[in-house]
Structures are given as structure tokens and as C-alpha cells.
Amino acid sequence: EPEVTQTPSHQVTQMGQEVILRCVPISNHLYFYWYRQILGQKVEFLVSFYNNEISEKSEIFDDQFSVERPDGSNFTLKIRSTKLEDSAMYFCASSEVRAGVAGELFFGEGSRLTVL
Amino acid sequence: GENVEQHPSTLSVQEGDSAVIKCTYSDSASNYFPWYKQELGKRPQLIIDIRSNVGEKKDQRIAVTLNKTAKHFSLHITETQPEDSAVYFCAAIGQAGTALIFGKGTTLSVSS
Chain L
2 EPEVTQTPSH QVTQMGQEVI LRCVPISNHL YFYWYRQILG QKVEFLVSFY NNEISEKSEI
62 FDDQFSVERP DGSNFTLKIR STKLEDSAMY FCASSEVRAG VAGELFFGEG SRLTVL
Chain C
32 GENVEQHPST LSVQEGDSAV IKCTYSDSAS NYFPWYKQEL GKRPQLIIDI RSNVGEKKDQ
92 RIAVTLNKTA KHFSLHITET QPEDSAVYFC AAIGQAGTAL IFGKGTTLSV SS
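Protein chains in written order, with this note's numbering: chain L, 2 to 117; chain C, 32 to 143.
Keep in mind the hints are simulated off the structure, nothing from the lab.
These numbers were taken from a predicted model, which means no experiment stands behind them.
Heads up, some of the hints might be wrong.
Simulated pairs of lysine-lysine, BS3-like, Cα-Cα distance not exceeding 27 Å [unchecked claim]: (1) Lys88/C to Lys58/L; (2) Lys58/L to Lys102/C; (3) Lys84/L to Lys73/C; (4) Lys73/C to Lys43/L.
Please build the complete structure, drawing on both the sequences and the hints.
In C-alpha cells, the structure reads:
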């Protein structure tokens, strides 16, 4: 069964450093998302992406964050200058159709980011 | 933007009992309401969903009901089993219609 894959599974970084989290969505999916989950809390929406541009972003997704689809398979989340409060599990997800038309989101296993 | 409220935050039941989790949403234009289950340390996975043109949907021991007038929807699990223990998240469509906004989650514990 195809699945969303994410790397790294765990990254530890120093405050102020840049981090890139990578995702390979399911191959025939067109819509891509990043969510984050602080330990024990809810899954928070960061950004949705379609046709090489951002469709929607939340208040969390400020200028420190950016997304990119550098080639035909990868979808990346960059955090320019990490803060302690960026420590969380970051989930990538993809869907075949837009979430608003009942597109099931398929989540990756997550990348745990620890900022020291 | 869309705001999804979920309660209770924790729910403990005995094996075989029923469990009900409730959510409310703010955007009356939302038309799709999924429920995701997240086991400890794992990714969220869709367990059931409902669209706004139906009031109830069942899949074996799981059912979801929707009241569009009141803007609330509920997850019902019957004959609970220990493997149902997990965090359950409801969701609704965000304002721009391109992303799911999740509730805060309900930790369900089923004891045998």
C-alpha cells in the first residue's frame, strides 16, 4: 500500500539553526500539507500546497516557515531560524483530491524536531 | 477561520461499553467531517467520515452523526475493545476549503 514517507524521523538542532524536513507524498496525490503536533496536544494545521503554490496557511506559518516542491517527488518544510517552541512532531500529509471535497488525508510517520 | 471544539478531552470506559465523543464547528459552510484515530507514537489515520448531505453513517462498531443546524457532529463507538484505546480527533474544513482543521483530541481508554 502506498504511503507518505518523511525524513528524518528525529532531528535535534540548536536554537537559531535552519532545519529542512522532507516528505515524499503518495505519487498520484496532488495536494500536500504540513501539520505539527506539540507533545500531547492537538494536530495543528500549518500549510496546504497545490500546483506549486500555497493554497492556505495558518497563523503559525509565519515568515520563518517556507515550503517547496523542489522536484517531482519531494515536498519540504524549511524553518529558517528555529526557536524552542518549534519543538514538535511535524506531519506531512497528502490527498488525491482537495480536502474540502472530502479528500482523505494520508499522513506520514512524522518528523520529531527537538530544538535545544 | 474555522474553529473546532471537541469534548471530552479524556474518556475512560469498560470493555463492551459505548463511547461518544462530540465536536462542534464554527463555519456553517463546512461540508465534510472526518474522524482520525492516533495510536500512541503513530500517525493519525482516518476511521470514518461524513458529508453534510447525510445525517448518519455507520461502519461496523463505529458511527458518526451530524447535525448541521446545530453545527455539531459525534463519534459513537459501540462494544468497545482495548484496541480502541487511542486519541481520537474530529476535523472540519478550514475557511479556504483546502485543509482540515482538527479538534484538540479525546484520549479514549478502554479497560478490560
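Verification of the supplied hints:
1. A threshold of 27 Å between alpha carbons decides the hint, and for Lys88/C with Lys58/L the separation of about 31 Å lies outside it, so the pair is violated.
2. Using a Cα cut-off of 27 Å, the hinted pair Lys58/L and Lys102/C holds, with the two alpha carbons roughly 24 Å apart.
3. With a C-alpha separation of about 25 Å, the suggested pairing of Lys84/L with Lys73/C holds against the 27 Å cut-off.
4. At roughly 14 Å between alpha-carbon atoms, Lys73/C and Lys43/L fall within 27 Å of each other, so this suggested pair holds.
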